[in-house]
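Same order as they appear, the protein sequences are chains A and B.
Using the numbering used here, the first residue of the first sequence is number 26, and each one after it goes up by one.
Using the numbering used here, the first residue of the second sequence is number 15, and each one after it goes up by one.
There's no promise every hint is true.
Claimed, not checked - Mimicking SDA-like on lysine to any residue, the simulated pairs with C-alpha atoms at most 20 Å apart in a straight line are: (1) B:K110 <-> A:Q348; (2) A:K264 <-> B:G157; (3) B:K89 <-> B:K172; (4) A:K111 <-> B:E154; (5) A:K277 <-> A:A239; (6) A:K168 <-> A:A47; (7) B:K163 <-> B:I121; (8) A:K264 <-> B:G124; (9) A:K303 <-> A:E339; (10) B:K110 <-> A:S329; (11) B:K104 <-> A:K111; (12) B:K110 <-> B:G124; (13) B:K104 <-> A:D332; (14) B:K113 <-> B:K89; (15) B:K158 <-> A:G266; (16) A:K408 <-> A:G347; (17) B:K104 <-> A:R367; (18) A:K264 <-> B:Q145; (19) A:K111 <-> B:A169; (20) B:K104 <-> A:K408; (21) A:K111 <-> B:K89; (22) A:K411 <-> A:I331; (23) B:K104 <-> A:T274; (24) B:K104 <-> A:R328; (25) B:K104 <-> A:S329; (26) B:K104 <-> A:N336; (27) B:K104 <-> A:R327; (28) B:K110 <-> A:K408; (29) B:K110 <-> A:A47; (30) A:K289 <-> A:E343.
What the hints assert, rightly or not - Every beta carbon over 12 Å from chain A, so not counted as near; a handful from chain B, in silico: (31) R39; (32) S57; (33) S83; (34) Y93; (35) K117; (36) T127; (37) K163.
As the list claims (entries may be wrong) - Okay, the calculated bits of chain B under chain A, using three or more residues with CB under 8 Å as the criterion: (38) 42 to 56; (39) 120 to 126; (40) 155 to 162.
What the hints contain is simulated information worked out from the structure, not anything from laboratory work.
Source: prediction; values computed, not measured.
Idealized CB from N, CA, C, for every residue including glycine.
Given next are the chains, with one letter for each unit.
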Amino acid sequence: METQRQGPIIFSGIAPDEGLKAALGQSRADVIGEVRNSQIKGRGGAGFPTGVKWNLAATAQGERKFIVCNADEGEPGTFKDRVLLKEYARTVFEGMVIAGYAVGAQHGYVYLRGEYRSFGPHLEQVLQQMEDEGALGDAILGKKDFHFDIEIRFGVGAYVCGEESALIESLEGYRGEARNRPPFPTNTGLHGSPTVVNNVETFAAVPHIIAKGAEWFASFGTEKSKGSKLLSVSGDCRKPGVYEVPFGTSIKQILKMVEAEDTKAVQVGGASGTCVPKKEFGRVIAYEDLSTGGSVIVFNSRRSLIDVVHNFLEFFAEESCGQCTPCREGVPVLLEYAEKLRAGELTRNELGEVYSLSETMQLASKCGLGQSAPNALVSILEKFPKECPLSTSQRKELVR
Amino acid sequence: MKKMCAVKTQIKKGGRLEQVCDDARGVLLPRLQEIQNRRGYISDKAMQKLADELGIHPVEVYSVVSFYSFLHTKKKGKYIVRLSQCITSKMAGQEKVRKAFEKELGIRMGETTRDGKITLEETACIGMCDQAPAALVNDELIGKMSPRKVKTLLASLK
Chain A
26 METQRQGPII FSGIAPDEGL KAALGQSRAD VIGEVRNSQI KGRGGAGFPT GVKWNLAATA
86 QGERKFIVCN ADEGEPGTFK DRVLLKEYAR TVFEGMVIAG YAVGAQHGYV YLRGEYRSFG
146 PHLEQVLQQM EDEGALGDAI LGKKDFHFDI EIRFGVGAYV CGEESALIES LEGYRGEARN
206 RPPFPTNTGL HGSPTVVNNV ETFAAVPHII AKGAEWFASF GTEKSKGSKL LSVSGDCRKP
266 GVYEVPFGTS IKQILKMVEA EDTKAVQVGG ASGTCVPKKE FGRVIAYEDL STGGSVIVFN
326 SRRSLIDVVH NFLEFFAEES CGQCTPCREG VPVLLEYAEK LRAGELTRNE LGEVYSLSET
386 MQLASKCGLG QSAPNALVSI LEKFPKECPL STSQRKELVR
Chain B
15 MKKMCAVKTQ IKKGGRLEQV CDDARGVLLP RLQEIQNRRG YISDKAMQKL ADELGIHPVE
75 VYSVVSFYSF LHTKKKGKYI VRLSQCITSK MAGQEKVRKA FEKELGIRMG ETTRDGKITL
135 EETACIGMCD QAPAALVNDE LIGKMSPRKV KTLLASLK
């Protein structure tokens, strides 16, 4: 069913063990150096430099260290990890082994969202094959002192567990509630040990970086965003699916690629992302412009953006873990305001409250869920005033 | 916040105190999932037993079970049909699919058929937006749902 995928990096093809062999032929410091020179940043969307993260974990003190692959993709509109784990599992796992070698970890976990439980047997099979071939387990590829194994753990339907510290709590057998940071997982992570948590896509890129070189990798993308990004495109277009594009690709180009017509707006980054209006379709996918975990949802001119925002807020109300008051109590209030806005009954006073509440949530929530929950509502108020049934004086308020 | 039950203090030689992290509790979620797969749900008794085994209070186990939406303490249908309520599914006609399910099964969202065979639920995005509207039937991801497909799907569930 799925066609031959093409892309500059992850979809460019690599032989099994090619990256792993190259990594094990170098010193640990050189591997980290290569990753750092590639300037790859976390592909989950937050964009922390991977090389820096690995170096922090490598230099942190700890008898045990862990590598965790964050495969809990739950952002509405994201499905790239589904494709990566179905078709490129070996590359992802090799990326984890390379990370284990680089930071001195012995054990890796894949935290796979419960919705993808059916991938379990296939992933186990890939792991078994790697073990049979000596690419996993004891003395990997003949390197005597290097042991690394990978275990798959399944999530159980909690969006918030995609946040790295909540994910770690979940792995430890607790409610998936985000931790205070610092300390960061790189020194106090899983079971109090130094832990590297990276996105599936980050691990998938690593073997390519090591095998083909940091310079090659950094030749793609923009000045501040090197390499490529996998996009999960859905919504009103003829060719939804997963695409790999170099950073710097514009919304306009993406819409052409997926054959979208009559597009009114594009939601980049899922429910916690931003809604881009037509006049801004020249903006590009990059950490410095539209930073995203990969979700791109296309809306044509017949869609009501207030309905979209309402759907997103319902999602956050459902998924808020309830730990921080601004998020737990704030999301239902925003939802109420969104309903009033849809009915054309939002007062000017309430409009002001939307802003002050949003600010409180952004400042005082512990994790990204609460911090970004107001984004969608604020972004349609500011960028799509025509969508909102507001009075003239309220519109003036928006332009302040 | 330090976890009382996960950190033990040991006295090392020479009288120095050392905190040893006990990661036995890490098996809690996999064990709960295993119990649920076997029994269909997680009973009070099962939670008590597991708590004893791990040396933690049963309420600790319950607090975890109640947190995760895919874990449940009540018996559900043999098949749990979860419709994605992601915006992409809604845009692609999830409403019609939902109505078709409700009509065919004679139950509303959130309910279980009287014979205990099928539970109908809604869930957040399941990562099938390119094939919306989508559904998760137990562990199986199904895309491009339609009222017609509802009938064939239900006929295939034995």
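Verification of the supplied hints:
no. : hint              : verdict
1   : B:K110 <-> A:Q348 : 36 Å, violated
2   : A:K264 <-> B:G157 : 15 Å, holds
3   : B:K89 <-> B:K172  : 18 Å, holds
4   : A:K111 <-> B:E154 : 14 Å, holds
5   : A:K277 <-> A:A239 : 29 Å, violated
6   : A:K168 <-> A:A47  : 12 Å, holds
7   : B:K163 <-> B:I121 : 18 Å, holds
8   : A:K264 <-> B:G124 : 33 Å, violated
9   : A:K303 <-> A:E339 : 26 Å, violated
10  : B:K110 <-> A:S329 : 18 Å, holds
11  : B:K104 <-> A:K111 : 26 Å, violated
12  : B:K110 <-> B:G124 : 17 Å, holds
13  : B:K104 <-> A:D332 : 10 Å, holds
14  : B:K113 <-> B:K89  : 24 Å, violated
15  : B:K158 <-> A:G266 : 13 Å, holds
16  : A:K408 <-> A:G347 : 30 Å, violated
17  : B:K104 <-> A:R367 : 17 Å, holds
18  : A:K264 <-> B:Q145 : 10 Å, holds
19  : A:K111 <-> B:A169 : 28 Å, violated
20  : B:K104 <-> A:K408 : 23 Å, violated
21  : A:K111 <-> B:K89  : 32 Å, violated
22  : A:K411 <-> A:I331 : 11 Å, holds
23  : B:K104 <-> A:T274 : 28 Å, violated
24  : B:K104 <-> A:R328 : 11 Å, holds
25  : B:K104 <-> A:S329 : 12 Å, holds
26  : B:K104 <-> A:N336 : 9 Å, holds
27  : B:K104 <-> A:R327 : 14 Å, holds
28  : B:K110 <-> A:K408 : 31 Å, violated
29  : B:K110 <-> A:A47  : 53 Å, violated
30  : A:K289 <-> A:E343 : 28 Å, violated
31  : R39               : 4 Å, violated
32  : S57               : 17 Å, holds
33  : S83               : 4 Å, violated
34  : Y93               : 14 Å, holds
35  : K117              : 24 Å, holds
36  : T127              : 22 Å, holds
37  : K163              : 16 Å, holds
38  : 42 to 56          : holds (count 5)
39  : 120 to 126        : violated (count 0)
40  : 155 to 162        : violated (count 1)
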